[in-house]
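Participant: So the protein lines, in turn, are chains A and B.
For the first sequence, my numbering gives the first residue as 331, with consecutive numbering after it.
For the second sequence, my numbering gives the first residue as 145, with consecutive numbering after it.
The set of hints was computed from the structure by calculation and includes no laboratory data.
Even glycine gets a Cβ: it sits at the ideal position worked out from N, Cα and C.
Accuracy of the hints is not assured; some may be wrong.
What the hints assert, rightly or not - In silico DMTMM-like cross-links for lysine to aspartate or glutamate, where the CA-CA straight-line distance does not exceed 20 Å:
| id | chain 1 | residue 1 | chain 2 | residue 2 |
| --- | --- | --- | --- | --- |
| 1 | B | 195 | A | 497 |
| 2 | A | 492 | B | 150 |
| 3 | A | 489 | B | 155 |
| 4 | B | 194 | A | 497 |
| 5 | B | 191 | A | 497 |
| 6 | A | 398 | A | 425 |
| 7 | A | 337 | A | 375 |
| 8 | B | 191 | B | 157 |
| 9 | B | 194 | A | 490 |
| 10 | B | 156 | A | 490 |
| 11 | A | 400 | A | 340 |
| 12 | A | 613 | B | 157 |
| 13 | A | 492 | B | 157 |
| 14 | A | 489 | B | 150 |
| 15 | A | 400 | A | 348 |
| 16 | A | 489 | B | 184 |
| 17 | B | 156 | A | 485 |
| 18 | A | 489 | B | 190 |
| 19 | B | 156 | A | 497 |
| 20 | A | 613 | B | 184 |
| 21 | A | 613 | B | 150 |
| 22 | A | 613 | B | 168 |
| 23 | A | 580 | A | 607 |
| 24 | B | 171 | B | 157 |
| 25 | B | 194 | A | 539 |
| 26 | A | 384 | A | 568 |
| 27 | A | 492 | B | 190 |
| 28 | A | 489 | B | 157 |
| 29 | A | 384 | A | 332 |
| 30 | B | 191 | A | 485 |
| 31 | A | 398 | A | 352 |
| 32 | B | 195 | A | 539 |
| 33 | B | 195 | B | 168 |
| 34 | A | 613 | B | 178 |
As the list claims (entries may be wrong) - Taking CB as the label site, the calculated pair distances span:
| id | chain 1 | residue 1 | chain 2 | residue 2 | range |
| --- | --- | --- | --- | --- | --- |
| 35 | A | 359 | B | 187 | 55 to 65 Å |
| 36 | A | 452 | B | 158 | 23 to 33 Å |
| 37 | B | 158 | A | 585 | 17 to 27 Å |
| 38 | B | 169 | A | 568 | 52 to 62 Å |
| 39 | A | 483 | B | 184 | 25 to 35 Å |
| 40 | A | 383 | B | 184 | 52 to 62 Å |
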Amino acid sequence: MDSLTQKIREIASNILKEGRVDMVIGFAKGTIPMTTKPYMARTPEQVENFIWDKNCTLNLANYITGRKEKIGIIAKGCDSRNIVNHIVENKISRDQLYIIGVPCSGMADKHNPDELRDNCATCTHRNPVIFDVMAAEPVEEQKIDDPFADVKAVEAMDKDAKWSYFEGLLQNCIRCYACRNACPLCYCPTCFVDESGPQWVGKGQNKTDIQTFHFLRAFHCAGRCTDCGACEAACPMDIHVRAFTRKLNKDSLELFGWEAGLDITKRPPLDTFNPDDPNDFIK
Amino acid sequence: MANLFEHIGMEKERLQFSWISSAEAGKFTNVATEVANTIEALGPIDKFVKKTD
Chain A
331 MDSLTQKIRE
341 IASNILKEGR
351 VDMVIGFAKG
361 TIPMTTKPYM
371 ARTPEQVENF
381 IWDKNCTLNL
391 ANYITGRKEK
401 IGIIAKGCDS
411 RNIVNHIVEN
421 KISRDQLYII
431 GVPCSGMADK
441 HNPDELRDNC
451 ATCTHRNPVI
461 FDVMAAEPVE
471 EQKIDDPFAD
481 VKAVEAMDKD
491 AKWSYFEGLL
501 QNCIRCYACR
511 NACPLCYCPT
521 CFVDESGPQW
531 VGKGQNKTDI
541 QTFHFLRAFH
551 CAGRCTDCGA
561 CEAACPMDIH
571 VRAFTRKLNK
581 DSLELFGWEA
591 GLDITKRPPL
601 DTFNPDDPND
611 FIK
Chain B
145 MANLFEHIGM
155 EKERLQFSWI
165 SSAEAGKFTN
175 VATEVANTIE
185 ALGPIDKFVK
195 KTD
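Produce the complete structure using the sequences and hints provided.
Facilitator: Right, dumping it as structure tokens:
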């Protein structure tokens, strides 16, 4: 068995036995090959179901929102950044968490298992930013010359080309909301698309309603998205959902020098006022 | 938000912001006229329009 899996099981089992946590959230083998599913172990015996491999593509921070128990959670780089987001946004307290950090060398693409998935290929935070214990030595961080090359390519298009690009991206969307449900940022008790009074967006397969959903959902993630790729991992139609959030990530970095989820002591840029904030948009 | 507008191929000028005090009637009319003129120059929007048949 993989030594990392072994180590994760050992740590998880110990903290459960010691009573430090009520449950540990990790990954278990999925129902079809090369997939995993989130798994909550509540007893030391259940810990044996944990695994760690190249297919742990979901983001476990999604499962700690508003929970009251003490939780052990397995966190790769992006999960840990979303845990930081959750702490900053008061969705969980730091004291409730025992974070088992796992250095990550990237997850596999779901169609080309030999290659890294798109967001992992440009990831510069492979090591957890917050943890109580590390399951292995940190890995070397990637040096990416131009992490936003894909966004720049879209920016260079003319407006009609941009529009048809995004129209094309979303034409297969079946509005299952798997992207939203997999996203650790999307924890609103009632999502704006589910509201019925007022009903902001139509509920059907109307093209404009689908576009509105994706456009607004992305904007709700501005300055918060860690590019963890859970949305795309969950999408059954292979929609490049991150095409929207990546633009916002690039803007956050350029306008505010901000990357989400790196520090629990810092407030996100859209939540604070700073006299140096860019304000050339206002007349 | 305007940046994201532009990114998906909408004209950024369709979304404008201003800070106007209730005592600044002159500024209000200026901004309103300017907004109206920019939008008129851009013409009717053909993207992100929900068509009901």
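Participant: A separate judgement is required for each hint: does it hold in the structure or not?
Facilitator: Each hint, compared with the structure:
1. 195(B) <-> 497(A): Holds - the C-alpha atoms of residue 497(A) and residue 195(B) are around 15 Å apart, at most 20 Å.
2. 492(A) <-> 150(B): holds (9 Å)
3. 489(A) <-> 155(B): With Cα atoms ~8 Å apart, residue 489(A) and residue 155(B) stay inside 20 Å; holds.
4. 194(B) <-> 497(A): holds (13 Å)
5. 191(B) <-> 497(A): With Cα atoms ~10 Å apart, residue 191(B) and residue 497(A) stay inside 20 Å; holds.
6. 398(A) <-> 425(A): holds (11 Å)
7. 337(A) <-> 375(A): holds (15 Å)
8. 191(B) <-> 157(B): holds (14 Å)
9. 194(B) <-> 490(A): holds (18 Å)
10. 156(B) <-> 490(A): holds (13 Å)
11. 400(A) <-> 340(A): Measuring from Cα to Cα gives roughly 18 Å; hence the hint holds.
12. 613(A) <-> 157(B): holds (12 Å)
13. 492(A) <-> 157(B): Roughly 16 Å between the alpha carbons, so the hint for residue 492(A) and residue 157(B) holds.
14. 489(A) <-> 150(B): With Cα atoms ~8 Å apart, residue 489(A) and residue 150(B) stay inside 20 Å; holds.
15. 400(A) <-> 348(A): Holds - the C-alpha atoms of residue 348(A) and residue 400(A) are around 12 Å apart, at most 20 Å.
16. 489(A) <-> 184(B): It holds: about 18 Å lies between the C-alpha atoms, which stays within 20 Å.
17. 156(B) <-> 485(A): Measuring from Cα to Cα gives roughly 13 Å; hence the hint holds.
18. 489(A) <-> 190(B): Holds, at roughly 12 Å.
19. 156(B) <-> 497(A): holds (18 Å)
20. 613(A) <-> 184(B): holds (19 Å)
21. 613(A) <-> 150(B): Holds. Residue 613(A) to residue 150(B) sits at ~18 Å (cutoff 20 Å).
22. 613(A) <-> 168(B): Since the Cα atoms of residue 613(A) and residue 168(B) sit roughly 13 Å apart, the hinted pair holds (cutoff 20 Å).
23. 580(A) <-> 607(A): holds (16 Å)
24. 171(B) <-> 157(B): Judged against 20 Å, a Cα distance of about 18 Å means the pair holds.
25. 194(B) <-> 539(A): OK: residue 194(B) and residue 539(A) at ~8 Å, within 20 Å.
26. 384(A) <-> 568(A): holds (19 Å)
27. 492(A) <-> 190(B): holds (14 Å)
28. 489(A) <-> 157(B): Given that 20 Å is the threshold and the Cα spacing comes to 13 Å, the pair holds.
29. 384(A) <-> 332(A): holds (12 Å)
30. 191(B) <-> 485(A): OK: residue 191(B) and residue 485(A) at ~17 Å, within 20 Å.
31. 398(A) <-> 352(A): holds (10 Å)
32. 195(B) <-> 539(A): Answer holds: residue 195(B) to residue 539(A) is near 10 Å, not above 20 Å.
33. 195(B) <-> 168(B): Cα-Cα ~39 Å, so violated.
34. 613(A) <-> 178(B): Between residue 613(A) and residue 178(B) the Cα gap is close to 11 Å, so the pair holds against 20 Å.
35. 359(A) <-> 187(B): 55 to 65 Å: At roughly 56 Å between Cβ atoms, residue 187(B) and residue 359(A) fall inside 55 to 65 Å, so the hint holds.
36. 452(A) <-> 158(B): 23 to 33 Å: holds (31 Å)
37. 158(B) <-> 585(A): 17 to 27 Å: Distance hint for residue 158(B), residue 585(A) holds at roughly 20 Å.
38. 169(B) <-> 568(A): 52 to 62 Å: With Cβ atoms ~54 Å apart, the hint holds.
39. 483(A) <-> 184(B): 25 to 35 Å: holds (32 Å)
40. 383(A) <-> 184(B): 52 to 62 Å: 58 Å Cβ-Cβ, so the 52 to 62 Å window holds.
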